[in-house]
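Engineer: Below are the chains, spelled out letter by letter.
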Amino acid sequence: DVKVTQSSRYLVKRTGEKVFLECVQDMDHENMFWYRQDPGLGLRLIYFSYDVKMKEKGDIPEGYSVSREKKERFSLILESASTNQTSMYLCASSLWTNSGNTIYFGEGSWLTVV
Amino acid sequence: KNQVEQSPQSLIILEGKNCTLQCNYTVSPFSNLRWYKQDTGRGPVSLTIMTFSENTKSNGRYTATLDADTKQSSLHITASQLSDSASYICVVSVFTGGGNKLTFGTGTQLKVEL
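First to last, the protein sequences are chains U and P. One point on numbering: in the working numbering, the residue at position 44 of the first sequence is 44, and numbering is uninterrupted. Offset between the second sequence (1-based) and the working numbering: plus 114.
Do not rely on the hints blindly, as some may be mistaken.
For each label pair, taking beta carbons as the anchor points, the in silico distance ranges come out as [unchecked claim]:
hint: 1; chain 1: P; residue 1: Val208; chain 2: U; residue 2: Thr5; range: 24 to 32 Å
hint: 2; chain 1: U; residue 1: Gly63; chain 2: P; residue 2: Lys131; range: 40 to 48 Å
hint: 3; chain 1: U; residue 1: Val52; chain 2: P; residue 2: His190; range: 38 to 46 Å
hint: 4; chain 1: P; residue 1: Leu228; chain 2: U; residue 2: Glu79; range: 46 to 54 Å
hint: 5; chain 1: U; residue 1: Leu41; chain 2: P; residue 2: Ile126; range: 22 to 30 Å
hint: 6; chain 1: P; residue 1: Leu228; chain 2: U; residue 2: Ser80; range: 24 to 32 Å
hint: 7; chain 1: U; residue 1: Glu79; chain 2: P; residue 2: Arg175; range: 22 to 30 Å
hint: 8; chain 1: U; residue 1: Val52; chain 2: P; residue 2: Thr184; range: 40 to 48 Å
hint: 9; chain 1: U; residue 1: Asp26; chain 2: P; residue 2: Val208; range: 23 to 31 Å
hint: 10; chain 1: U; residue 1: Pro61; chain 2: P; residue 2: Leu196; range: 18 to 26 Å
hint: 11; chain 1: U; residue 1: Pro61; chain 2: P; residue 2: Gln117; range: 17 to 25 Å
hint: 12; chain 1: U; residue 1: Lys3; chain 2: P; residue 2: Gln136; range: 15 to 23 Å
hint: 13; chain 1: P; residue 1: Asn169; chain 2: U; residue 2: Ser65; range: 40 to 48 Å
Partial list, computed: chain P residues near chain U (C-beta under 10 Å) [said to hold, decoys possible]:
hint: 14; residue: Gln152
hint: 15; residue: Gly219
hint: 16; residue: Thr220
hint: 17; residue: Gly221
To be clear, the hints were calculated from the coordinates, so they are not data collected in a lab. Given the structure is predicted, the values throughout are model-derived calculations rather than measurements. Backbone N, C-alpha and C define an ideal beta-carbon position, used for all residues, glycine too.
Chain U with its partners taken away, still in its complex shape (with noise of 0.2 Å):
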């Protein structure tokens, strides 16, 4: 089973301090996103990366940046968190194809700023 880990699933930061939220997927896939899904807006996608040392913005890359230095691991960082990135991040990968390619998703993280 393709398998997605979030390595934080709950954490809570101070408002101005640097977050990093990892991504690990095991099955060799090369697209990797990064969504953030609150309520009543549905998942909307901050950064996706294609391959290694790419990365695209998404719909909201505002106040965030990605690292994809390995094929495996995608992180999502928040340079100075704000109360308004308090939110769910949900990891994502799947195979690079056109066609209907399964998306998979990690467990998320939820992060707090207060």
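Fit chain P to the known structure of chain U by using the hints.
Structural biologist: Here is chain P on its own, set in the frame of chain U:
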């Protein structure tokens, strides 16, 4: 603007009963449509993926239908179980120059009661 709208927002049914969830979309050009199940506090799990040429696909007690002409999809759950209580998310994929872009609905919250 590409949109995916789901109805109802929430639904309560008795165990053993059937139910149907709806998804209407306006995204274009259409690539595929997915249904995900998301248990509370967990990441979404894929149920079905359908391209425009497929009008029905089943996964156990879950059957998804797609009418690409009217841009509507439904997810039918047969003989519901308590474990079906979850949020069901419709996701539509569009072709872009860089691959597929996903647009997420906000989900239908299903509760199955005894």
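Engineer: For each hint, tell me whether it holds in the structure or not.
Structural biologist: Outcome of the hint check:
1. P/Val208 - U/Thr5: 24 to 32 Å: holds (29 Å)
2. U/Gly63 - P/Lys131: 40 to 48 Å: For P/Lys131 against U/Gly63, whose Cβ atoms are near 44 Å apart, the range 40 to 48 Å holds.
3. U/Val52 - P/His190: 38 to 46 Å: holds (41 Å)
4. P/Leu228 - U/Glu79: 46 to 54 Å: holds (49 Å)
5. U/Leu41 - P/Ile126: 22 to 30 Å: Cβ of U/Leu41 to Cβ of P/Ile126: about 23 Å, so the range 22 to 30 Å holds.
6. P/Leu228 - U/Ser80: 24 to 32 Å: violated (48 Å)
7. U/Glu79 - P/Arg175: 22 to 30 Å: violated (45 Å)
8. U/Val52 - P/Thr184: 40 to 48 Å: At 42 Å between Cβs, range holds.
9. U/Asp26 - P/Val208: 23 to 31 Å: Distance hint for U/Asp26, P/Val208 holds at roughly 29 Å.
10. U/Pro61 - P/Leu196: 18 to 26 Å: 40 Å Cβ-Cβ, so the 18 to 26 Å window is violated.
11. U/Pro61 - P/Gln117: 17 to 25 Å: Between U/Pro61 and P/Gln117, where Cβ atoms are some 21 Å apart, the hint holds.
12. U/Lys3 - P/Gln136: 15 to 23 Å: 32 Å Cβ-Cβ, so the 15 to 23 Å window is violated.
13. P/Asn169 - U/Ser65: 40 to 48 Å: Between P/Asn169 and U/Ser65, where Cβ atoms are some 42 Å apart, the hint holds.
14. Gln152: holds (8 Å)
15. Gly219: holds (6 Å)
16. Thr220: holds (4 Å)
17. Gly221: Holds: closest Cβ of chain U sits about 7 Å from P/Gly221, inside 10 Å.
Violated hints for the displayed structure, listed by number in ascending order: 6, 7, 10, 12.
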